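Q: These are the residues of each chain, in order.
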Amino acid sequence: MALVDKPLTQDEVDTWRVPIPGGAVIMAPIDRAAQWARRNSLWSLTFGLSCCAIEMMATAAPRFDLDRFGVMFRATPRQADVMIVAGWVSVKMAPFIKRLYDQMPEPKYVIAMGGCASAGGPYRDSITIVKGVDHIVPVDVYVYGCPPRPENLINGIIKLQEKIKSEKVLTRRGQARDSGPAREPIIIEG
Amino acid sequence: MSTETGAAEAEAPELEVLRRRFGEAVFLSVSANGDIHLEVTAEQLTDAALLLHDDPELRFDYPADLTAWDSGEEFVLWYRLHAMERNRTAIMKVKLSREDPQVPSVTSVWPGMNWHERECFDLYGIRFVGHPDQHDDMLMRILLPEDWQGHPFRRDYEPVFSDDPLHGPQARN
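Chains as they are written, first to last, in the working numbering: chain A, 1 to 190; chain B, 1 to 173.
Keep in mind that the hints were calculated from the coordinates and are not lab data.
None of the values given here were measured: they were computed from a predicted structure.
Virtual Cβ for every residue (Gly too), placed ideally from N, Cα, C.
Take the hints with a grain of salt, since some may be wrong.
To be verified - Label pairs and their in silico Cβ distance ranges:
| id | chain 1 | residue 1 | chain 2 | residue 2 | range |
| --- | --- | --- | --- | --- | --- |
| 1 | A | Phe96 | B | Trp69 | 28 to 36 Å |
| 2 | A | Cys51 | B | Ile142 | 18 to 26 Å |
| 3 | A | Arg78 | B | Ile142 | 25 to 33 Å |
| 4 | A | Glu184 | B | Pro145 | 30 to 38 Å |
| 5 | A | Cys51 | B | Leu143 | 14 to 22 Å |
| 6 | A | Arg124 | B | Glu99 | 29 to 37 Å |
| 7 | A | Ala58 | B | Ala25 | 54 to 62 Å |
| 8 | A | Ile30 | B | Ile142 | 47 to 55 Å |
| 9 | B | Asp163 | A | Phe96 | 15 to 23 Å |
| 10 | A | Arg124 | B | Pro111 | 38 to 46 Å |
| 11 | A | Pro95 | B | Ser108 | 28 to 36 Å |
| 12 | A | Arg78 | B | Asp47 | 40 to 48 Å |
| 13 | A | Cys51 | B | Met138 | 30 to 38 Å |
| 14 | B | Met138 | A | Lys168 | 51 to 59 Å |
Generate coordinates for the entire structure from the input sequences, incorporating the hints supplied.
A: Take a look at the structure:
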């Protein structure tokens, strides 16, 4: 994917070219460079909670191939940028998800995959299920489905990439809030 | 549930061994499919377990299952045991009062009952005296979080939801 989406005019490129002896350096706005790097290397945390994880694995498998979007699964939260919460969150599991999220370095994003992670799903009345993962971590994209098809999860990832493209790198603040939807959450409806 | 027939009893020689040891103190029957049902009290449980496991004619060496049931008036523990050499099944029932449900642990006889007993404590609050994970008369929970209040499979369990999603509901009773 190109650094910028629409072709630049020669005048724009010329304004960024800094002549130095022996060559030239292209300077781009830091926002655009960082957005480009971030949205095309969304490394995801390897963990699944229930049946949505099967669809998540299918999405990562060659038929749908999440690598096309730069999404690779990393087995440690310290190398992960995005947390795909695939499945219901039980009360016993919630503190560990919170700990994993806290161990991820900024910038970090959360995708609530499926009805259970978004709002509790069919287990909303259960006393042992957290009614949506946004009670413990801020959520950027809610993906509908039970479970979502791989195309729908890819849709959520593309929506997250578009969100990253619109945010300012230097002014983006950390996720100060402990829970609740993130700033301008994206809700993919059925 | 269990029909005592002469033919089934003739196919269950284990009953003689149990009668010789316990007399009429335990309630014995044989179901239509040949399973041995016996009902013992909490005081008899350790002796019955040792006999079922160690007697050369019984040798119920495989602890298949342990579960409980809240009938409303009392708790009923079901020990489902299997004799691997002879392919026989025994079901041992223990009835407990709801006020003070307490039985001796059988983990010294069948170590595999360890997690089953923790599950029964977790969901019903039945205490197993002598369990390896016993602390201050309470067992370690196995399914629910450590700070969970109450035992949710009891019929009179009424959860009170807390605002904190990281902790479970607090029991009213």
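Q: Just tell me: holds or violated, for the beta carbon distance of phenylalanine 96/A and tryptophan 69/B against 28 to 36 Å?
A: holds, 32 Å
Q: Indicate whether the distance between the beta carbons of glutamate 184/A and proline 145/B respects the range 30 to 38 Å.
A: Between glutamate 184/A and proline 145/B, where Cβ atoms are some 33 Å apart, the hint holds.
Q: Does the Cβ-Cβ separation between proline 95/A and serine 108/B fall within 28 to 36 Å?
A: holds, 34 Å
Q: Does the beta carbon distance between alanine 58/A and alanine 25/B stay inside 54 to 62 Å, or does it fall outside?
A: Cβ of alanine 58/A to Cβ of alanine 25/B: about 59 Å, so the range 54 to 62 Å holds.
Q: With 51 to 59 Å as the target window, see if methionine 138/B and lysine 168/A comply at their CB atoms.
A: holds, 54 Å
Q: Taking 30 to 38 Å as the hint, is the beta-carbon distance of cysteine 51/A and methionine 138/B inside that range?
A: holds, 34 Å
Q: Starting from the range 14 to 22 Å, see whether the pair cysteine 51/A and leucine 143/B falls in it by beta-carbon distance.
A: holds, 20 Å
Q: Measuring from beta carbon to beta carbon, are aspartate 163/B and phenylalanine 96/A in 15 to 23 Å?
A: 20 Å Cβ-Cβ, so the 15 to 23 Å window holds.
Q: Determine whether the Cβ-Cβ distance between arginine 78/A and isoleucine 142/B falls within the hinted range of 25 to 33 Å.
A: holds, 31 Å
Q: Is the gap between the beta carbons of arginine 124/A and glutamate 99/B within 29 to 37 Å?
A: For arginine 124/A and glutamate 99/B the Cβ distance comes to about 35 Å; the hint holds.
Q: Does the hinted range 47 to 55 Å hold for isoleucine 30/A and isoleucine 142/B at CB?
A: holds, 52 Å
Q: Range hint 18 to 26 Å: satisfied by the CB atoms of cysteine 51/A and isoleucine 142/B?
A: Once the Cβ atoms are compared, 23 Å apart, the range 18 to 26 Å for isoleucine 142/B and cysteine 51/A holds.
Going through the hint list in order, the structure does not satisfy hint 12, though it satisfies all others.
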